Amino acid sequence: MKKVVMPGNETVAHAAIAAGCRFYAGYPITPSSELAAEMSKLLPRVGGKFIQMEDEIASMAAAIGASVAGMKSMTATSGPGFSLKQEHIGLACMMEVPVVIVNVMRGGPSTGLPTHPAQGDVMQARWGTHGDHPIIVLAPAFPTEIYMETIRAFNLAERYRNPVILLLDEILAHTYEVVEVPEEDEITLEERKLPPSGLDRLDFYTYERHEGDPPLLPNFFQGYNFHFESLAHDEMGFPTTDPEKVAYLSHLREAKIEKHKEKIWKNESYLVEDAELVVFAYGSVARAAKEAIDRLRAEGEKVGLFRPITLWPFPDKPLKRAVGKKKVLVAEMNLGQMVYEVERVLRRDVATLLKADGTPISPVEFTEKLREEL
Amino acid sequence: MSYMDYVRTFKLPHSWCPGCGIGTIMQAMVRAFDALKWKREDIAFITGIGCSGRMSTYVNANTMHTTHGRPLAFATGVKLARPEKHVVVVSGDGDALAIGGNHFIHAARRNIDIKLIIINNSVYGMTGGQVSPTTPQMFRTQTTPYGNIEPNFDVVKLAIAAGATFVARESVTRPRNLAKLIERSFQHKGFSVVEAISNCHINLGRRNKLKDQITMLRWINDRIIPMNVAKRKDPEEIKDKIILGVFHEDKERKEYTELYEELIQRAGGKK
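Chains as they are written, first to last, in my numbering: chain A, 85 to 458; chain B, 21 to 291.
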């Protein structure tokens, strides 16, 4: 392990390289541009490819194209660009192509507040593309965690053959902090499972599999002349409108994430056990919450934090287990998005601390709000 | 091997209307694959959306049916990942020049070694016959019931201006020439564009007194003129004609993925 001072954007870039990412396609957008800049420097050094495409849509497409051709691949963007990428995120879900998308959240809607933080894209990350689709969304909050979650994003994408979205915000992306960069032997990398090479032809239906498994698809040029299809397709990957076949694959796509969500979930419970009031917060907001909790604990107040690192699939069971019947306050840098999910899971109303004016929720604001609720 | 080895015969019959030019263009393309003895496993064949987009289902290679207008962007990722492979894109006039216009000009500007065939039937066929960027002026379509007032793109001029290093045009009415021309474009190292003039008698012709394939193909045939013939004519005489042939071929300009390999060397990256 070595300690390096860098901002979140650069941390993601270095972690991506360590995770085996060898292709990046992107388009300049504040506040994620430094991530692209870092990748443009790092990738050619390891024989990888960086390309600045003509727009956000094209960069999502190129990243998927490179992945189909066998490369671990990624793109990064922010709000408006994330909106533009949605159609192709859906394509990657449909074709079951691994790819990592980083969205550095800024104030919205529209052009909004390009240089200010927000958490207004958490629902878009889940439901942004049209149609039912599975998705994995990670929201790290600390510098070393950003590094490790980036690696996990690539691992999950390859394991489940699905897009994985890594959410940062302007604060995390731009704050220079100490990152504990692990050595190569301290991290585990996952490679996508491929059918064996050298067969005359694939002797199984490629999209057919046990419920919960990702499909065993060949890469381009592996020798199998495989078809990747954006239309609803059958077990061989060819277009179909047969309701049974459409439902079959749609179910399998959902099941591969749903069946493994216990393994995908990751969250932190901080001083929750004896707490009377539990804060639900994620990303940079959770850090202010922690600070406030420490202050209040010093005064003897029983407050704690439940911090999901995996936002989607939503950690329903861990949340229920952690908070039970305790009082809950949801804090987020938006006008209320994850709060509805929390209320749905807990089946009751919860308190909120919401802010969407481009400024972070400060530990002082947190402390005051928590005192009110205690 | 025969050209039919590049066709997924088990997916036939195809979904195109009887008399559609797309089948002719597909055969010309797979004949070019066969003539060059390209291995199917080394070909990435990528299409967008529309009637032309369906071709990736029928071609026996590494295929991908992507989104409307964006096959070139996907192809760029594939080509960068595996520069030694053949990457071929088929796109319609709406796909390549309207929704995908940005990707078209930038792929041309980069001179990335992707072989693009634009099937230009001057209409959005699959969606029922709406005006496209290449619909002739005053033509009636589903969305121009009073006649199209918009001027149309000249694919050849656009491709040359954007930086494509091989630019040519042929017509489905001359299938052998088309196959030869596609074969030549496939041998070019760099971004190549072949505009294949095609017919949509169903969704364009029927609204413009060209309602069957023979009438519409005759109409195309009357308007085309090979470049060598055109050169001998008075420009005034051929101003409404569609000139066929190779308009631009630049063998000097370096191709994008080659330049990228040099960049990697400069950056000190191992190959």
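Simulated from the structure, these hints should not be mistaken for lab results. Possibly wrong hints are sitting among the right ones.
List of simulated lysine-lysine pairs, DSS-like, C-alpha gap at most 27 Å [said to hold, decoys possible]:
1) 411/A to 401/A
2) 57/B to 105/B
3) 271/B to 251/B
4) 125/A to 271/B
5) 209/B to 259/B
6) 329/A to 31/B
7) 229/B to 57/B
8) 453/A to 411/A
9) 229/B to 261/B
10) 439/A to 386/A
11) 277/A to 105/B
12) 277/A to 229/B
13) 125/A to 274/B
14) 105/B to 251/B
15) 345/A to 386/A
Between beta-carbon pairs, the in silico distance windows are [as the list claims (entries may be wrong)]:
16) 325/A to 158/B: 32 to 40 Å
17) 419/A to 162/B: 41 to 49 Å
18) 268/B to 271/A: 35 to 43 Å
19) 457/A to 162/B: 41 to 49 Å
20) 339/A to 261/B: 41 to 49 Å
21) 196/A to 242/B: 49 to 57 Å
22) 29/B to 420/A: 53 to 61 Å
23) 196/A to 196/B: 55 to 63 Å
24) 292/A to 24/B: 25 to 33 Å
Keep in mind it's a predicted model, so treat the numbers as computed, not measured. Using N, Cα and C, we set each Cβ at its ideal position, and we do this for glycine too.
We went through each hint and held it up to the structure:
no.	hint	verdict
1	411/A to 401/A	17 Å, holds
2	57/B to 105/B	13 Å, holds
3	271/B to 251/B	23 Å, holds
4	125/A to 271/B	30 Å, violated
5	209/B to 259/B	32 Å, violated
6	329/A to 31/B	17 Å, holds
7	229/B to 57/B	42 Å, violated
8	453/A to 411/A	13 Å, holds
9	229/B to 261/B	19 Å, holds
10	439/A to 386/A	24 Å, holds
11	277/A to 105/B	22 Å, holds
12	277/A to 229/B	56 Å, violated
13	125/A to 274/B	22 Å, holds
14	105/B to 251/B	37 Å, violated
15	345/A to 386/A	31 Å, violated
16	325/A to 158/B: 32 to 40 Å	37 Å, holds
17	419/A to 162/B: 41 to 49 Å	42 Å, holds
18	268/B to 271/A: 35 to 43 Å	50 Å, violated
19	457/A to 162/B: 41 to 49 Å	60 Å, violated
20	339/A to 261/B: 41 to 49 Å	59 Å, violated
21	196/A to 242/B: 49 to 57 Å	55 Å, holds
22	29/B to 420/A: 53 to 61 Å	56 Å, holds
23	196/A to 196/B: 55 to 63 Å	57 Å, holds
24	292/A to 24/B: 25 to 33 Å	28 Å, holds
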